[in-house]
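2 protein chains.
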Amino acid sequence: MTTPEITAALLIIGDEILSGRTKDKNIGTLADSLTAIGIRLREVRIIGDEEDAIVEAVNTLRETHTYVFTTGGIGPTHDDITADSLAKAFGVSIDVNPTVAEEMEKVYAQRGVEMTPARLRMARIPDGAELVRNSVSIAPGFVLGNVIVMAGVPSIMAAMFSDVAPRLKRGAKLYSETLMVRRPEADISDLFAAHQKMYPDVIMGSYPSFLDGKFKTELVLRATNEQNLKKVVAELRAKLVEKALI
Amino acid sequence: MTTPEITAALLIIGDEILSGRTKDKNIGTLADSLTAIGIRLREVRIIGDEEDAIVEAVNTLRETHTYVFTTGGIGPTHDDITADSLAKAFGVSIDVNPTVAEEMEKVYAQRGVEMTPARLRMARIPDGAELVRNSVSIAPGFVLGNVIVMAGVPSIMAAMFSDVAPRLKRGAKLYSETLMVRRPEADISDLFAAHQKMYPDVIMGSYPSFLDGKFKTELVLRATNEQNLKKVVAELRAKLVEKALI
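Taken in order, these protein sequences are the chains called Z and Y. Heads up: the first sequence is residues 726 to 971, going by my numbering. Heads up: the second sequence is residues 726 to 971, going by my numbering.
Don't read these hints as lab results, they were simulated from the structure. Accuracy of the hints is not assured; some may be wrong.
For chains that are exact copies, the list does not tell them apart, and a pair is met inside one copy or across any two.
[What the hints assert, rightly or not] Under the rule of at most 16 angstroms between Cα atoms (straight-line distance), these lysine to aspartate or glutamate pairs were calculated in the EDC-like manner: (1) 956 <-> 902; (2) 968 <-> 839; (3) 898 <-> 926; (4) 813 <-> 777; (5) 939 <-> 951.
Could you put the whole structure together from the sequences, leaning on the hints where they help?
Structural data, given as structure tokens:
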């Protein structure tokens, strides 16, 4: 465990994920990215494009986590209501941000694209928010309080996360070691539970899988102290070898 | 919209998803399966292996949805606490289910596998629960009240869903039609929003993507009345053709 622990929640906004039409790719990417910089993702929620649900989820999650990341709902269409819902959740006003609108107009003029009312929707930024840029599209995300609002398209989400990452507080990095056991989980679980009891500071999880009629189990140990982690893993391996389990 | 609407929430339990170590595959599968039988998935939550978090999430979600599906945390290891947490959430007792234990012993004996205390953990079923079988492993899931508890391993989860699906109430099937537009979302969003306003009973969403430097947008229309849906889609297509957008 890191002290002080920096925690995060992820809120995915979009009917298309809930209907199965779009398969989410952002959870896995963001989980990896956050773990890598010592921020512990503690909760994910996926909700539809409904203002009340967004306001409630944002207000619940921002109270209990260092950061809340949202993806989705910041495009130009009628169902893109994330920015307006965020303004409502924080009780701040929202309007077209003149700096953003000007930049968008410049880029669109270069491309010979018209600045429509729909496009101008993407320049709506809540009062007091900081912009989050990305290298893929001109429309920005934003940071409002401890909430980071990003696009749902995975390449744009990843670019926005890269822009915002240097501004985030980071926790102690969590090191991770994996032992692979070619046995069903139940063969090793008593031994593994006893090892967890001996070393409560090391986070231990066991992850079974079943492929081509064979069970295997990955034992994952994680800790902020790399040297101690290696010692605890070596001891576990020795116990497994002794019982001919590995 | 279906009347009466049958709704569901999905609760995914497991530190490994939040750390990024395991990439979830169950959300997409279950979203597709539920949509196919007219059950509307309205919310997904992913939480860690923590009893308080599980109890709170289960009790919140089961009040507001027809069904709650859980995945993960029903294996034999120390971090598999879903069954005990469910018993706590419902205020019922939990113990080794003699029928399940007997079946497991029989199967393990055939395989020459020992019945360890760890394996016996998988026979812990809350009082009053109905079993959910699967064709992959002997350890069952269960239905307690309106909560369906399934394994996290995707092949076992899918097999458990197949077993439980015939027992579920179903809503009216939602038909879906997609129009592909090779343009950025903003080019069509004013027209699309106006169309949504004309036909509020049809659920309309637009899903942009960005690949190899090209934007494209899929317009998805969904409704329980197939004939009406086809009419509304044809009209939208005609409008797009008229403006040379498709």
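Hints versus structure:
1. Only within a single protomer do residue 956 and residue 902 lie at most 16 angstroms apart by alpha-carbon distance; the minimum there is 11 angstroms, versus 57 angstroms between protomers.
2. For the homomeric pair residue 968 and residue 839, the shortest alpha-carbon distance between copies (14 angstroms) is at most 16 angstroms, but the shortest distance inside one copy (71 angstroms) is not.
3. Taking identical chains as interchangeable, the C-alpha atoms of residue 898 and residue 926 lie at most 16 angstroms apart only when both belong to the same chain, with a minimum of 14 angstroms there against 50 angstroms between chains.
4. For a Cα distance limit of 16 angstroms, the shortest separation of residue 813 from residue 777 inside one copy, 10 angstroms, qualifies, whereas the shortest one across copies, 30 angstroms, does not.
5. For the homomeric pair residue 939 and residue 951, neither the shortest alpha-carbon distance inside one copy (32 angstroms) nor that between copies (44 angstroms) is at most 16 angstroms.
In the structure shown, a violation is registered for the earlier hint numbered 5 alone.
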